[in-house]
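From first to last, the protein sequence lines are chains A and B.
Under this note's numbering, the first residue of the first sequence carries the number 1, and numbering increases by one thereafter.
Under this note's numbering, the first residue of the second sequence carries the number 1001, and numbering increases by one thereafter.
Note that these hints are calculated values from the structure, not bench results.
Take these hints with a grain of salt, some might be off.
Pair ranges (Cβ atoms, derived) [stated by the list, open to error]:
id : chain 1 : residue 1 : chain 2 : residue 2 : range
1  : B       : Glu1198   : A       : Gly2      : 23 to 31 Å
2  : A       : Val86     : B       : Gly1238   : 47 to 55 Å
3  : B       : Pro1067   : A       : Val167    : 48 to 56 Å
4  : B       : Gly1183   : A       : Asp130    : 26 to 34 Å
5  : A       : Arg171    : B       : Asn1129   : 48 to 56 Å
6  : B       : Glu1194   : A       : Ile207    : 54 to 62 Å
7  : B       : Ser1158   : A       : Phe6      : 20 to 28 Å
8  : A       : Gln45     : B       : Asn1129   : 26 to 34 Å
9  : B       : Gly1048   : A       : Pro235    : 45 to 53 Å
10 : B       : Gly1179   : A       : Ile3      : 35 to 43 Å
Simulated coverage check for chain A against chain B, where a stretch passes if three residues somewhere in it have a Cβ under 8 Å from a Cβ of chain B [to be verified]:
id : stretch
11 : 25-34
12 : 102-112
13 : 132-143
14 : 153-163
15 : 187-198
16 : 256-270
No experiment lies behind these values; they were computed from the predicted model shown.
We put the beta carbon where it would ideally sit given N, CA and C, even for glycine.
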Amino acid sequence: MGIAKFVLKRVLLGVLTLVVVSIVVFALTQALGDPVEAILGREAQPASVAAMREELGLNRAVITQYSDWLSGLVTGDPGISYTNGVPVLEVLGDRIWNSLFLMLVSALVSIPISIAIGTLTAARRDTAFDSTSSATSLVLASMPEFVTGLLLIVLLATNVWQVFPAVVRIRPGEAPWVDVGALVLPVLTLTLGVVPYVSRVMRASMIEVLESDYIEMARLKGLPERTVVWRHALPNAIGPTLQVIAINIAYLAGGVIVVENIFNYPGIGLALRDAVTDVNVPVVQFIAMLIAAIYVVVNLLADVGTILVTPRLRTRLQ
Amino acid sequence: MTIVEAGLQPGLASGRIDPPSGRRGVLVATLGLWRTRIGLLLVAVLVGIAVIGPLFAPYGGTEFVGPPFTADAPDTLFGTDKLGQDVWSRFLLGGRTILLLAVVSTLIGLAIGAVVGLVAAYNRGRLDNVLMRTMDVVFAFPNLLLALVAVTTLGRRSWVIVLIVAFTAVPRVARITRGAALGVVERDFIGAAEALGESRSHILGREILPNVAGPLLVEANLRLTYSIALIGALGFLGFGVGLNQPDWAQMINENRPALSTAPWGTLLPIFAIALLTVGVGLVADGLGRAIAGVDRARPT
Chain A
1 MGIAKFVLKR VLLGVLTLVV VSIVVFALTQ ALGDPVEAIL GREAQPASVA AMREELGLNR
61 AVITQYSDWL SGLVTGDPGI SYTNGVPVLE VLGDRIWNSL FLMLVSALVS IPISIAIGTL
121 TAARRDTAFD STSSATSLVL ASMPEFVTGL LLIVLLATNV WQVFPAVVRI RPGEAPWVDV
181 GALVLPVLTL TLGVVPYVSR VMRASMIEVL ESDYIEMARL KGLPERTVVW RHALPNAIGP
241 TLQVIAINIA YLAGGVIVVE NIFNYPGIGL ALRDAVTDVN VPVVQFIAML IAAIYVVVNL
301 LADVGTILVT PRLRTRLQ
Chain B
1001 MTIVEAGLQP GLASGRIDPP SGRRGVLVAT LGLWRTRIGL LLVAVLVGIA VIGPLFAPYG
1061 GTEFVGPPFT ADAPDTLFGT DKLGQDVWSR FLLGGRTILL LAVVSTLIGL AIGAVVGLVA
1121 AYNRGRLDNV LMRTMDVVFA FPNLLLALVA VTTLGRRSWV IVLIVAFTAV PRVARITRGA
1181 ALGVVERDFI GAAEALGESR SHILGREILP NVAGPLLVEA NLRLTYSIAL IGALGFLGFG
1241 VGLNQPDWAQ MINENRPALS TAPWGTLLPI FAIALLTVGV GLVADGLGRA IAGVDRARPT
């Protein structure tokens, strides 16, 4: 009962967030900025400007343009691409799935690694391993993704060693997993963006659990330290890190924009850059809303998940 | 606890909780950490290159000096770029824009975020709720995505980029400031200032702000790395300010196709941005550790 109400409240808040995001996206592209001026330039003939406004439906009232666009989004018809007159969903096609696949693989690789590193550094607190990993993650956390990705290319794909390909070659209609070797560097770049944050929080949470009474109890019972850490402490330490894990999975939705452009991976990030270059407003708007929706959904799942795995919070709701 | 603490604070009469010696203590502790020293050194070198480097550029930024993408072009240190321009000169000239835009946008974001956070913490109630929920909405959007949406039709003008980057910094700064200020607004000297009839802006700016300066300073450094990363990412994607202006991020974008034959046009700016962001990040971490350490040592 309490939980159902909580979930409903969070879903409504998520919908509200997306509505506000849609206003921001629309305002930035179609109200504050002028698509026609951006396409034709400032010195365009007034006649051709008027014709293009008419053609793209930009001469209607702003509020009508917005409500038409929003209802199109909700009903699965996000408009027509400016550059070739093809529906936006058709332009993107498999690219949406390619990006989701890249996000999923990166999450599946980076989250277990982060949890393992966080747990190990907490169990071996203040050893050389702990301080090395803390220094490494500090350096990695400061570097932008495009720098990490390009350094990986320099190191592993071109100048130093040539182990992995520097570009992903997936032809249209091909599944992204046909060439696993090409996926290594994109996934590694995203993983290096996630691990420093999640492992740091995991370490702190783990240290707190390891100092608690019931862990002391398990040790006094004579259980081997490995069992204490991995079987008794770990499940209790993950709960508080769920939120951070979610934020980092949501971060992947933005991270793919840069990573796809570094490695030429055919997903929505690559499509977004092309669309921004061509002032293809409907495509930009749709990708923006899609990424924001992924963001909101992941955060929602994390909130609900945190409640479900934390007994104290669960009972407070009832 | 508040009473005990207030009794121990010599600076209570002046309305400050942090006595000057405490703040100097933080500074000493910060500089005592190796990570801060390395960070400051990196920042000094990279800012030095960006600011005084242009004086030492052997060629002009758009001067044609040899065939394009030639690593060993005569009379050049690091070869030529995509358009046959001198890589070394463009590297020396290319740090100013990104550094200036990043610093300006961080300062704007910091100022707005601090005001929002202070107002939210001091007023509490509905205003606090509305402000922080609004900040949550901005969080629901990856920064780079927002910047790309903005440059689509508003164009790659520097004011657009500065305002958008500043805007993305506001929610985090507001949240950090609010969190730190919530502990301060409860203290006795705020009540004393209210009883004296001090204006709200005086209480926010003179009484609360100095007491949240530490966390805000750490956040300022963190925001600076993010601003550099965001402006760099825009340039890397080809949406930097100004066509063919020497700029580190745009150099990476232009010269990347020749990474294996003429690598310096890409490598120099990559190393520069990497060391600059790592340097600022190390300073932020050193500051954060020093402040946490001093806080822990304080009697409570």
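Against the structure, the hints come out as follows:
Between Glu1198/B and Gly2/A the C-beta distance comes to about 44 Å, which lies outside the given range of 23 to 31 Å. A hinted range of 47 to 55 Å for the beta carbons of Val86/A and Gly1238/B is inconsistent with their spacing of about 23 Å. Between Pro1067/B and Val167/A the beta carbons are some 25 Å apart, a value that contradicts the proposed interval 48 to 56 Å. With their beta carbons about 30 Å apart, Gly1183/B and Asp130/A fall inside the hinted range of 26 to 34 Å.
The hinted range of 48 to 56 Å is satisfied by Arg171/A and Asn1129/B, whose Cβ atoms lie roughly 51 Å apart. Distance hint check: the CB atoms of Glu1194/B and Ile207/A are about 40 Å apart, inconsistent with the given range 54 to 62 Å. For Ser1158/B paired with Phe6/A, a C-beta distance near 45 Å fails the hint of 20 to 28 Å. Here the CB-CB span from Gln45/A to Asn1129/B is close to 51 Å, at odds with the stated 26 to 34 Å.
Between Gly1048/B and Pro235/A the CB atoms are about 51 Å apart, so this pair conforms to the stated range of 45 to 53 Å. One distance hint, 35 to 43 Å for the beta-carbon pair Gly1179/B and Ile3/A, is violated here, with the actual separation near 28 Å. Under the rule that three or more residues need a Cβ within less than 8 Å of chain B, the assignment of the stretch 25-34 of chain A holds, with 7 such residues. Counting residues of the stretch 102-112 of chain A whose beta carbon lies closer than 8 Å to any beta carbon of chain B gives 0, which falls short of the minimum of three for the stated coverage.
Counting residues of the stretch 132-143 of chain A whose CB lies closer than 8 Å to any CB of chain B gives 6, so the stated coverage by that chain holds, three being the minimum. Remark: the stretch 153-163 of chain A is confirmed as covered by chain B, as 4 of its residues place a Cβ nearer than 8 Å to a Cβ of that chain, reaching the required three. Counting residues of the stretch 187-198 of chain A whose CB lies closer than 8 Å to any CB of chain B gives 0, so the stated coverage by that chain is violated, three being the minimum. Coverage of the stretch 256-270 of chain A by chain B holds. Counting CB-CB distances below 8 Å, 3 residues qualify, and the rule asks for three or more.
In this structure, the hints that do not hold are numbers 1, 2, 3, 6, 7, 8, 10, 12 and 15, in rising order.
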